[in-house]
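Residue strings, one per chain:
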Amino acid sequence: MKEKIVLLGGGGHCHSVIDVIEQENKYEIIGIIDKKELIGTDVLGYKIIASDDELDEIYRTCKNAIITVGQIETNHVRVKLFNKLKELGFNLPVIVSPLAYVSKHSFIDEGTVVMHHALINANVKIGKNCIVNSKALIEHDSIIEDYCHISTASVINGGVIVKEGNFFGSNATSKQSIVIDNFIKAGSLAK
Amino acid sequence: MKEKIVLLGGGGHCHSVIDVIEQENKYEIIGIIDKKELIGTDVLGYKIIASDDELDEIYRTCKNAIITVGQIETNHVRVKLFNKLKELGFNLPVIVSPLAYVSKHSFIDEGTVVMHHALINANVKIGKNCIVNSKALIEHDSIIEDYCHISTASVINGGVIVKEGNFFGSNATSKQSIVIDNFIKAGSLAK
Amino acid sequence: MKEKIVLLGGGGHCHSVIDVIEQENKYEIIGIIDKKELIGTDVLGYKIIASDDELDEIYRTCKNAIITVGQIETNHVRVKLFNKLKELGFNLPVIVSPLAYVSKHSFIDEGTVVMHHALINANVKIGKNCIVNSKALIEHDSIIEDYCHISTASVINGGVIVKEGNFFGSNATSKQSIVIDNFIKAGSLAK
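Residue numbers (my numbering), protein chains in the order written: chain A, 1 to 191; chain B, 1001 to 1191; chain C, 2001 to 2191.
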């Protein structure tokens, strides 16, 4: 029997995460947490069942949670939700698409999702509550600290450090062996 | 027994489509339609068997067709061929590489090909007679209208609409939630 | 029983190649060749066992070798090692990640490695001692000559020729049907 999981945030990123969780086939999605006025509405076949205020009640029947709010301008919401979930005792599993590849020589911390066709090469460390988005590539010996969003089809080359809380834009490319501690725009080259 | 299919256009894009059809292993390629003077020549082991003028005769023994002419400057040829095939009664199947991924929450219309390593995420709609080329990524909630070419390794981010007949260049990137109704150059950022 | 192989160069690129060889599960890595002062140290669980000077001794017990030195500014080291290995009689196998795709209509020459999620489309020829790095795409009808590094997530479009010894940068894109005979920067468009 599959373990239960609840998703926090019912927007576009949630659609992608639902697809990953369904393909992974490891968790049963019991519903989605979002704004009060959205309760009862449908997200790809799952219901919005409660708002943030009711997370302690949800915890009684479901111990796993994952944050499905996106992150572009700021990670503020995702960090706040992460802390709240941890306080309440929730388990935040690592979610990895079966269509992604994660080297056995690498490590991923709690609450991080690795989306379809992402590739995490050897000797990589990825922190808590990150998004490694669809088709992102993280090359050997890189470190992604907590609360980062490595966006779609972006390329982190070998030996790079992305500091805590940063956004690395869609299809952007990093030179190898650099430290990144700022917002990286979509399609740009970080050097 | 595999169903028969005929390909229209024996150039470079045809080589890629042949590879996809062989990997999909669902259709038997009976030959290729191209210019009269090329009849009898070989394309990756398949013969050019007829020109456009003889499509009605081909239809007697083969009900499936797919357009393998490429599309960069204009989709004129591909649209004309599509209309001709439909008039003659041909079935234009959706061709999806087994190395691509298409979310079950998405929809693809007739005559569209999805090439190797392409990824079509959740809640996407793709129109008729499109090319979703090798390694292209179409993120959640996007709409690709009819007769578009989403070129190799390009990235359509979440909630984008690509209007009918457009070319989205190789390794180009779109911002999310925009409408695209023009030619997008290879490697560029559409915002 | 798996055949034995020795790796030349214990840096970052070696980490990625180890991951590929382990996933391919065809060769047993007996150790790594690097500088004398590094002998005895560990690389992802494998020992540095000798320096270049001892390759003739290594050959007595291990006939397969692969070059795991990277290539950015120059291919000088990789070419020199290749010639030395050939002189000593080593076999330089083609290494292909099981997570990559190589069309059966394509050809790859000795000593070349094709990394995770790379895609080599139909009717492509790739020379000796090349690196086709993670997520690189080489489209139909292209030719990559000897001693090239097609870097991570780069895109070689259809009908392109990359002349001997060139570096094609990470996430760079080539126009189709061009000849490339120079250093291509990461993230750039070659036309």
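I should point out that these hints are in silico values taken from the structure, not numbers from a laboratory.
From a predicted model like this one, the values you see are computed outputs, not experimental measurements.
Idealized CB from N, CA, C, for every residue including glycine.
Each hint should be verified, as a subset may be incorrect.
[Said to hold, decoys possible] Here are the simulated lysine-lysine pairs, DSSO-like style, with alpha carbons at most 30 Å apart:
hint, chain 1, residue 1, chain 2, residue 2
1, C, Lys-2163, C, Lys-2128
2, A, Lys-191, B, Lys-1163
3, A, Lys-185, B, Lys-1163
4, B, Lys-1026, B, Lys-1047
5, C, Lys-2175, C, Lys-2191
6, A, Lys-80, B, Lys-1035
7, A, Lys-26, B, Lys-1104
8, B, Lys-1125, A, Lys-47
[Unchecked claim] Listed next, with one range per pair, are the computed distances between beta-carbon atoms:
hint, chain 1, residue 1, chain 2, residue 2, range
9, B, Ile-1072, C, Glu-2110, 31 to 39 Å
10, A, Leu-88, B, Gly-1011, 53 to 61 Å
11, B, Ser-1051, C, Ser-2177, 22 to 30 Å
A quick look at each hint next to the structure:
Distance check on the hinted pair: C:Lys-2163 and C:Lys-2128 sit about 12 Å apart at the alpha-carbon level, within 30 Å; holds. The hinted pair formed by A:Lys-191 and B:Lys-1163 fails the criterion: a straight-line CA distance of about 35 Å is larger than 30 Å. Between the alpha carbons of A:Lys-185 and B:Lys-1163 the distance comes to roughly 25 Å, so the proposed pair stays at or under 30 Å and holds. Restraint check for B:Lys-1026 and B:Lys-1047: satisfied, since their Cα atoms lie roughly 19 Å apart, inside the 30 Å limit.
For the hint linking C:Lys-2175 to C:Lys-2191, the alpha-carbon distance of about 5 Å falls within 30 Å, and the restraint holds. The hinted pair formed by A:Lys-80 and B:Lys-1035 fails the criterion: a straight-line CA distance of about 64 Å is larger than 30 Å. Between the alpha carbons of A:Lys-26 and B:Lys-1104 the distance comes to roughly 17 Å, so the proposed pair stays at or under 30 Å and holds. The straight-line distance between the Cα atoms of B:Lys-1125 and A:Lys-47 is roughly 22 Å, inside the 30 Å bound, and the hint therefore holds.
Remark: the range hint 31 to 39 Å for B:Ile-1072 to C:Glu-2110 is upheld by a beta-carbon distance near 35 Å. The hint said 53 to 61 Å for the Cβ distance between A:Leu-88 and B:Gly-1011, and at roughly 60 Å that hint holds. Separation of B:Ser-1051 from C:Ser-2177 is about 25 Å and conforms to the stated range, judged on CB atoms against 22 to 30 Å.
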